[in-house]
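Trainee: Please model the entire structure based on the sequences and the hints provided.
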Amino acid sequence: MREKFIERLVKFYLPLFIFMFVLLFPFYWMFITAFKSDMELYNLKLNPFFIHQPTLGNVITLFTETLFNRWMLNTFFVSILATLLSLGASLLAAYAIQRLRFRTSGTIGISIFFSYLVPPTILFIPLATIIFELKIWDSLWSLVLVYPTFLIPFCTWLLMGYFKSIPKEMEECAMIDGASRFRVFWQIVVPLALPGILSAGIFAFTLSWNEFLYALTFISTTTQKTVPVGLITELVRGDVYHWGPLMTGALLASVPVALVYSFFVEHYVAGMTGALKE
Amino acid sequence: MGRIENIAINPRERVGQQWRWSTLLEDRTVMGLAFVVPAMGLLFLFLAYPLVLGIWLGFTDTMVGRKGDFIGLANYISLVQDPLFWRVTYYTFLYTGAAVLFKLILGFVLAIILNREFRAKGFVRAIVLLPWIIPTVLSAICFWWLFDTTFSGITWVLIKAGLIGHKIDYLGDPTNARICLIVANVWRGIPFFTIGLLAGLQTINPTLYEAASIDGAGGWHRFRHVTLPLIIPLLGVVTTFSTIWTFADFQLIWVITKGGPANATHLYGTLSFQRAIPGGQFGEGAAISAFIFPVLVVSVLICYKYMRREE
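From first to last, the protein sequence lines are chains A and B.
Under my numbering, the letters of the first sequence match residues 3 to 280, in that order.
Under my numbering, the letters of the second sequence match residues 3 to 313, in that order.
Hints are computed from structural coordinates only; laboratory data are not their basis.
All of these numbers come straight from a predicted model, not from anything done at the bench.
No residue lacks a Cβ here, since even glycine has one placed at the ideal position from N, Cα and C.
A portion of the hints provided could be inaccurate.
Computed list of lysine-lysine pairs in BS3-like fashion (alpha-carbon distance at most 27 Å, straight line) [unchecked claim]:
hint, chain 1, residue 1, chain 2, residue 2
1, B, 123, A, 13
2, B, 307, A, 166
3, A, 47, B, 162
4, B, 169, B, 260
5, B, 69, A, 137
6, A, 6, B, 123
7, B, 169, A, 47
Covered stretches of chain A (chain B as the covering partner; in silico rule of three or more C-beta atoms under 8 Å from a C-beta of chain B) [as the list claims (entries may be wrong)]:
hint, segment
8, 118-131
9, 145-155
Mentor: This is the structure:
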């Protein structure tokens, strides 16, 4: 019994603990830095792993001396609109590809999947010229329109998997009872696919919240920036780094994502693995 | 209006007053095409078209706010002659190779550890995903501070433990900076491999392991001859995804080192951004990012192969 416990400790608990420690340590470091005063932060005599005199100074600086709350609002605005736009388009596309099986639907499905692999680093320069032509340069609308390029492929693929799991018989019954195709889609398929739509929505929201390159390229006015871009460009000026407020900003900007994630973790995991397996 | 007829009769054959727009939707091809239009429209305008436009821009001398002229291969020739470009190429491949390899090994190990029943399994699995869902820029800021020469917690521990006598210049030294960025990328990418592979491991039928055990297979043999063959297709897809994302990485590098010191940590993505956006040279930037294309094409082909095999 005792030997078995030791074996389990060495083969399971110890490696698990090491992994957990490494994966979580940066968050701890972020957390304690956020609540330290500059005096403490730059005092090499103190143990850096504890907060000796917690302070809210950084939070106050962040909210009073920067446009942090404006950036948060901007990010919410872009993420929610881009998510809704992508969900709508993906819902229709996924249903058409998975269920209507019209000619060329297979090809369309594959090409949507592969567009997920196209990295933003290839697209941002030509997109910048297009955004400029469309006269939405330096506007949050440019991000709302561009984010679907990585949200739609993901959401469509995920929802296709969901539609596959809904029995065809339910649709056929409704059609025999006289429901039109559109009504079948709207009143039978969509309600049944709600968990899938939720997974896709959560994922799309966090992906939009995460985005950096497009926001950095297209937006230059301080009041229009999203959180990641605002923190990096406004709190790092030349060689002066405001570490306290910077870490506080990073911590606070992670909160919405972490909250959404913690409430829907099962959907999130399902979304991630579902999209992979399809 | 009798709805049942709508199914039986092709709407195009219907005549007179009964013909409505809504009846058109009863045709699966019409409805299907109408349903894919929003998604395909957005993807065409903001993905397919820019993809082609980007290749064209690479052959021009376009600058910010000025339409460029066709200049043939001039951008590519000047790049190939620039030692900096080869330095960037070297690091892009090194970064991708090393980071993907470590993510694969560590992610797989963690997936195997988690693939058994224990208390708080759900909780642990939720925590494992955190580095992946927290915005990369924000965790990059954290790594940046963690790699500060003077105030790094890592240095503090190492000095207290008596392992090193002086401070480490994490990001000021080219080699150190390169290693630090790979570490940060591995940290962020492990969860993707772990959760993806864990889903695959859980679909393996336990009776296969029992059968193998009865036949006298030990732990290693069960892994080698049962787990591995079954997980290979998923492993291939996960690795391919991770490879293209790592190869085209931008955020971590731009936040932590901006390509420095002495351009030692530039990837194609960051160099192309630096030339195009602050530098204003759209044509040259597009030519640099065009070097990501071959890897993208290979990734697509590999994914396609694995997906066909699944079917």
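Trainee: Hints numbered earlier in the text: which of these fail when held up against the supplied structure?
Mentor: none
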